[in-house]
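Colleague: Each protein sequence line maps, in turn, to chains A, B, C and D.
Position one of the first sequence corresponds to residue 12 (the numbering used here), numbered consecutively onward.
Position one of the second sequence corresponds to residue 2 (the numbering used here), numbered consecutively onward.
Position one of the third sequence corresponds to residue 6 (the numbering used here), numbered consecutively onward.
Position one of the fourth sequence corresponds to residue 2 (the numbering used here), numbered consecutively onward.
Take the hints with a grain of salt, since some may be wrong.
Partial list, computed: chain D residues near chain A (C-beta under 7 Å) [as the list claims (entries may be wrong)]:
no.: 1; residue: T8
no.: 2; residue: M11
no.: 3; residue: G12
no.: 4; residue: L15
no.: 5; residue: T19
no.: 6; residue: M22
no.: 7; residue: F23
no.: 8; residue: G26
no.: 9; residue: V33
no.: 10; residue: P115
no.: 11; residue: G116
no.: 12; residue: R130
no.: 13; residue: H131
no.: 14; residue: A133
no.: 15; residue: S137
Footprint (simulated), chain A over chain C, 3 or more residues, beta carbon under 8 Å [unchecked claim]:
no.: 16; stretch: 42 to 49
no.: 17; stretch: 54 to 61
no.: 18; stretch: 90 to 97
no.: 19; stretch: 100 to 107
no.: 20; stretch: 110 to 121
no.: 21; stretch: 180 to 186
no.: 22; stretch: 201 to 213
It is worth saying that the hints were derived from the structure and are not from the lab.
We treat Cβ as the ideally placed atom computed from N, Cα and C, and that holds for glycine.
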Amino acid sequence: MATAATVPEKTNYLNADYGIKSWLLTTDHKRIALLYLASITAFFFLGGFFAMLIRLELLTPAGDLLQADTYNKVFSMHGIIMVFFFLIPSVPAVLGNFLVPMMVGAKDLAFPRINLLSWYIYILGGCITLYAMITGGVDTGWTFYTPFSTTFSNTNVVLAAVGVFINGFSSIFTGLNFIVTIHRMRAPGLTWNRLPLFLWSNYAAAVIMVLGTPVVAITLLLVAFERLFHFGIFNAQLGGDPLLFQHLFWFYSHPAVYIMILPGMGVISEVICCFSRKRVFGYDFVALASIGIAVLGFLVWAHHMFVAGISLYAALVFSILTMFVAIPSAIKVFNWTATMYKGSIRLDTPMLYAIGFIGLFTIGGLTGVFLAALGIDVHVTDTYFIVAHFHYVMVGGMVMAYMCGLHFWWPKISGKMYPEFWSKISALLVFIGFNLTFFPQFIVGYLGMPRRYHAYPPEYQVLNVLSTAGASVLAVGYLLPMIYFAWSLKYGPDAGNNPWRAAGLEWQTSSPPPTFNFDETPVVTTEAYNYDEIDNQPQEAEVV
Amino acid sequence: MSHTDPRSLQTHDTGESVELPHSHGPTTKMFIAVWIALLVATGLTVLIASIDLGALSAPIALTIATIKAVLVILFFMEIKYQTKMTMTVLLSAFFFLGLLLCLTMADYISRAWNATF
Amino acid sequence: MNQDAHKQRPLTIHDKDGLRPNMWQNLPLFPERASTIAGHVDALFLFLVAITIFFTLLVAALIVVFAIRYRKDRQPQAQQIHGSMALEITWTVIPLAITMVIFVWGAAIYFMESRPPKDAMEIYAVGKQWMWKFQHVEGPREINTLHVPIDRDVRLIMTSQDVIHDVFVPAFRVKADVLPGRYTSIWFRATKPGRYHLFCAEYCGTQHSGMIGEVVVMDQAEYAAWTQSGADGSLASTGEKYFQHYGCATCHRADMAGRGPNLVGVFGKPQLLEDGRTVSADETYVRESILNPGAKIVGGYKNIMPTFEGQIDEDGLIALVQYVKALGNGTANVPVPVANPDAAPYPVAPKPEPQMAKPDNNTPTQQTAPAAPTKKQGPTAPSGK
Amino acid sequence: MDQQHETATMGMWLFLVTEIMFFGGMFCAYLVYRYNYFTAWDVGSQHMEIKWGAINTVVLICSSLTMVLAVHAAKLGNKKMIVFFLFLTILLGAAFLGIKAVEYTNHWNAGEVPGLNWHPSELGNADPRHVAIFFSLYFCMTGMHALHMVIGIGLLTWLLIRAQKGDFTSEYNSPVEMTGLYWHFVDVVWIYLFPLLYLVSHHHHS
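So here's chain A without its partners, still in its complex pose (with noise of 0.2 Å):
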């Protein structure tokens, strides 16, 4: 497919080998990230099918459309499916294993079979989901919680706990593998002040991967033991806690969130700078920003539980430290929006949804203030003012960043332009169609409706019809990249090897890259995001 005649076609990883066999069983870190791309897609769509269920299903407030059963495992579904199995590894499983190695310069990950192994997990984990799914559903929503989960749901609790449980260690062999690359496979030259920040943020959230995982794994074993053998860890009726359910569930399950955000935060970093054409405003402070909301981000789990029957003192302190987690993101924010301050600023497709994710996490961010603030919690929490804010930051801030990611690195990942016009109207759709689904539910949710109702009062209904209509936009939206970018890899011209002339190692090798990334092994000289030097060049990357 080389446009230009006189070079020969160069072998690259996706060339390299062919049939079924060379992809199952491949150890190169690319190919794995493609298998994740893949997998992770399907699992989006079908969370997002769920997604449709239960907005056609709020449309009326009556609750015809589905059975009250079928709803709530609709929701559950949806949940589980798209915090486990789409948030989590999205950005970290396919960009991140697309790119870490070659930002450090190297030829794989660490442990490379081990990297397989992670995909072989998730996609066990995964099927055992899907197969409770398919067997009757699991109705507990995606929090397990006890005693409902352990003792009075009829559904497939159990299953889908192990779907979870096993899919848990897919993580965990991600962020150790992360960890290890980081540290210990940099190329020569590439300190940690010079590292991408895209780096820095995979590395905080492989922390968290590492470090919280364990414990909702051995809880949801807890859950399943509970409920298989009647133990009484967690059930009241048998002296148990359910807050201490809830106390281990949150603490791995409020710094997943951080999982799902700091690497989207790590790709808006090098978005905004490429097409700012500028070094990263603070970015010692951007890079500690990611590592403090890291650690911060165990301090706080709790907030989740303001009305569950914790101490007012224990509230306080869970209060205080959720509102200083805040501050790590602010200056983020800041110091994006200062990086484009004297820039010279290109608004291709990447950067509008690097733009979008600024605003929508701006508003996911600052609501959760509100949620931090006790006294509004108590009102806002169980509402759908939750829901619309984790929405802001999952899907307006999270995916819109792995949308922003996907787009950018696409030329790299398939070596092919997409076509512009459809991206930016693609951009816009979901831009518009986010805004439209969940802005009404802030306003639903402080008017009271509570979240997982399957039917409400009627005076709610105007907005859950805009949130719906928001959705099928939304949809639209999300649909379209699948269109063009399929379409892009047989139709697609030639990217280059650095379309955007943008800096970082994985840039400097051609596209698709090479099965070990790099002819021979890179040696940084400068820090990152050294956009004057590279503009200052000869523009030799332009030609093919």
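Given the structure of chain A, go ahead and fit chains B, C and D onto it with the hints provided.
Modeller: Chains B, C and D in isolation, oriented as in the chain A frame:
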């Protein structure tokens, strides 16, 4: 460092690559000594358990357990002979485990205080 | 009017006229404010909304301005800036200061919400899949509807028979989880007569969204009349019957001669335990002492009381708790021991008795509850009638 | 050799970090309930047979010694000694599991298995439900530990086969060393489980 394999290239300026102190590595004699110490500690803790020490019995048992764990980690797991990084990794685990225990207990201990104040 | 299941849900305060609800009929954008706490919550909420709008607009405006002003056409070459310590400190310290203000403000409201005034009237609530049972101290019981007087502090003492539920009254801005195995509470002071939504806000299974009801705020005189008519004896008197029935009076005698502590004047006072600890004799303590007598033994007594775990349901426990409470403030009859305590050395677990009369529908206001469950689990006390 | 080795070591230690947190969840539950239901914990631990616990502790400590000697032998490339010490370690590991099985059987016969066979005797002042939590946690914690032992024995067997084939030399012995780290970790977990489950307030008995 004469490696040509870029995968094993280590940055020089990170200060993480510490020369292994091969000169005074662990010896069989030391392993036996640690083993004896562990057995003695086990005997001790069983012995102490039969004495009524009231509130002190749990802390003492846990202190002995910690001494045993440290012995195993330092000598059998050879963390004494590893890079500082390994120690940092291990200590971070205990730090975050401590956070889990302390912050969870903060809730349980202070529940009784709700009524007061 | 159509009597479909979903239409039976309580009407909102807006559709008293009984019209079929229309999607466009009312589009509230801000919830009714009907308690003393609501104003405080709304004030902080609006302050936070203002902050959110300010910072979102600030960031958005900066991005738009930069994107236009420094677009590639106008600014072909970026001007490199590494950072600014002054700016970093500014946008660290200012958000920190703002969040600390929010923390203190929010905590102050939370303290207000968590601490019921001392003389608040008490109503018991029991959640079960999927209904709310309310028990007024004066006697009336109701399902999915809660009548409360206006301008009085009301404290709900709540527990669950099965999973975690959550009482949520948006118009009052109060919410608390209702847990199995212990009591939690919320309090409010209604300021506006009317009918308000009562939601279960913690996901509790199939009919979670059907576990809703309404709070009816009445004039105080009206409320007093309501509690009198149709009531069959106070909760404490029901509790007294339980007390006699289960043979509690055998040991818990008022004359200090029983095997168990005298319960007169105990409630609300600190109790010195056998192991030296002191606990406050609150609802949770009384409940625990019935179900798990060995947990906290009062100093000077032996652990001889059998457990009543699995024998008394939450409604019965509430009645007993209220009776002990009434013994505490001297508003109940002191327990009368059986004639010959030695003849009944230990209270024995009673056999199930005929059903206690269900809360009937001849209370002054209309019941909006779904059909009450027909089968009552477990042994029950003799009918109060 | 050292670069690769250090990378593997770091990876293994990170994995052990996840293991610490994994068991940490159960230790957290233990702590909370011990605080809440002190009497039940007292009573529960008196139903443990300190004899078996102590013997198992000794067995595990011995297996740690043989493991470390196997690693040592691997570093020296002494095939015969590797095989010998690995074999000994497996044997000790199996002995541990055997004793654990005896204990489990005793608990079963005494009706001390919550949910499945629960009619314990001599609970004193304690609420039987709370003692049931103690036993639930006991079985979860020791069960998870035993599962780790089983996995460890599996790994050791695999090492044994490879050692027999002469796979390990003074240059290449990372698998032995990494499995050793894992084995010692499992030992450390037991070192804590023993006092927490068996020894707490055992003085009442003696």
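Colleague: Hey, does the D:A133 contact hint survive, CB to chain A under 7 Å?
Modeller: holds, 5 Å
Colleague: Against chain A, run the beta carbon of D:M11 and see if the smallest gap drops under 7 Å.
Modeller: At 5 Å from the nearest chain A Cβ, D:M11 passes the 7 Å test, so the hint holds.
Colleague: Would you say the stretch 54 to 61 of chain C counts as covered by chain A, given the rule of at least 3 residues with C-beta under 8 Å?
Modeller: holds (count 4)
Colleague: The hint names D:L15 as touching chain A; please verify it with the least Cβ-Cβ distance against 7 Å.
Modeller: Where the cut-off is 7 Å and the nearest Cβ of chain A is about 5 Å from D:L15, the hint holds.
Colleague: Once the shortest beta carbon distance from D:M22 to chain A is found, is it less than 7 Å?
Modeller: Result: holds, 4 Å to nearest chain A Cβ.
Colleague: Counting residues of the stretch 201 to 213 of chain C with a beta carbon closer than 8 Å to any beta carbon of chain A, are there 3 or more?
Modeller: That given contact holds, which follows from 11 residues of the stretch 201 to 213 of chain C lying within Cβ reach (below 8 Å) of chain A.
Colleague: Hold the hint about D:G116 up to the distance rule: shortest CB distance to chain A must be less than 7 Å.
Modeller: Holds: closest Cβ of chain A sits about 3 Å from D:G116, inside 7 Å.
Colleague: Within the assertion that chain A covers the stretch 42 to 49 of chain C, do at least three residues meet a Cβ-to-Cβ distance smaller than 8 Å?
Modeller: holds (count 3)
Colleague: At a threshold of 7 Å, is the proposed contact between D:R130 and chain A supported by beta-carbon distances?
Modeller: holds, 3 Å
Colleague: Taking 8 Å as the C-beta cutoff, is the stated coverage of the stretch 90 to 97 of chain C by chain A satisfied by three or more residues?
Modeller: holds (count 4)
Colleague: According to a criterion of three or more residues whose C-beta lies within less than 8 Å of a C-beta of chain A, is the stretch 180 to 186 of chain C covered?
Modeller: Since three or more residues must qualify, the claim that chain A covers the stretch 180 to 186 of chain C holds, with 6 doing so at under 8 Å.
Colleague: Per the CB criterion, is D:G12 less than 7 Å away from chain A?
Modeller: holds, 5 Å
Going through the hint list in order, the structure satisfies each hint without exception.
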